[in-house]
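Novice: Letter by letter, the chains look like this.
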Amino acid sequence: DAGVTQSPTHLIKTRGQHVTLRCSPISGHKSVSWYQQVLGQGPQFIFQYYEKEERGRGNFPDRFSARQFPNYSSELNVNALLLGDSALYLCASSLGGLNTEAFFGQGTRLTVV
Amino acid sequence: AQSVTQPDIHITVSEGASLELRCNYSYGATPYLFWYVQSPGQGLQLLLKYFSGDTLVQGIKGFEAEFKRSQSSFNLRKPSVHWSDAAEYFCAVGAGYSSASKIIFGSGTRLSIRP
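Going down the list, the sequences are from chains A and B. Here the first sequence is numbered in the numbering used here, starting from 50 and rising by one per residue. Here the second sequence is numbered in the numbering used here, starting from 1439 and rising by one per residue.
It should be emphasised that the hints constitute simulated quantities derived from the structure, not laboratory data. Heads up, some of the hints might be wrong.
What the hints assert, rightly or not - Covered stretches of chain A, as calculated for chain B (at least 3 residues, CB under 8 Å):
{"id": "1", "region": "91-100"}
{"id": "2", "region": "149-160"}
Stated by the list, open to error - Looking from chain B toward chain A, a few residues come up when the C-beta cut is under 8 Å (computed):
{"id": "3", "residue": "1451"}
{"id": "4", "residue": "1457"}
{"id": "5", "residue": "1463"}
{"id": "6", "residue": "1465"}
{"id": "7", "residue": "1478"}
{"id": "8", "residue": "1525"}
{"id": "9", "residue": "1542"}
Even glycine gets a Cβ: it sits at the ideal position worked out from N, Cα and C.
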């Protein structure tokens, strides 16, 4: 069975540009969450979507946005990139109910120059 | 506010020795608790989880953790470490409406293994 897949695996962007990261959840999972992991730190929660609706938002600026599609895949968009946005972006999927666990993808390494 | 504290930034143990990684959490309700492991440049793998019931939980790769409500702790243990256990370990608490909807992570403990 395929796990959580993220694309691209790596990318380099210039300050001020826009980026779109993509995530495909495990088949049957309806919840997708996004996390930012800056080098040397633990992951920080950005968004959670369940059944195509936003169910949670972390303490990130409005430059960060996301959406979930009818097939439960998800996109994370970041506008007006800053050097500080350089990080590993992790996507996690889960069934969405109580007592379920999150399964993480391998992440997208974003470098802003 | 919910938070997770891992007081040890870096730990080095000898191969074959026992291991204990410390974790303290702050959460108002009964917590969902997790330990994840991350190898360099990789995603997160779940080692074990506590939702309710028996406070001593068993995980993969020979790891176990004990939930102590009175101490707000969820320490990870392994009786004998292997060189392949070298990695970053994260303690986490589920802080959303479901166990996996919003996970708050500690800052991590890097484990090195001495041959």
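Novice: Which of the numbered hints above does this structure break?
Specialist: The structure conflicts with hints 3, 4, 5, 6, 7, 8, although it agrees with all the remaining ones.
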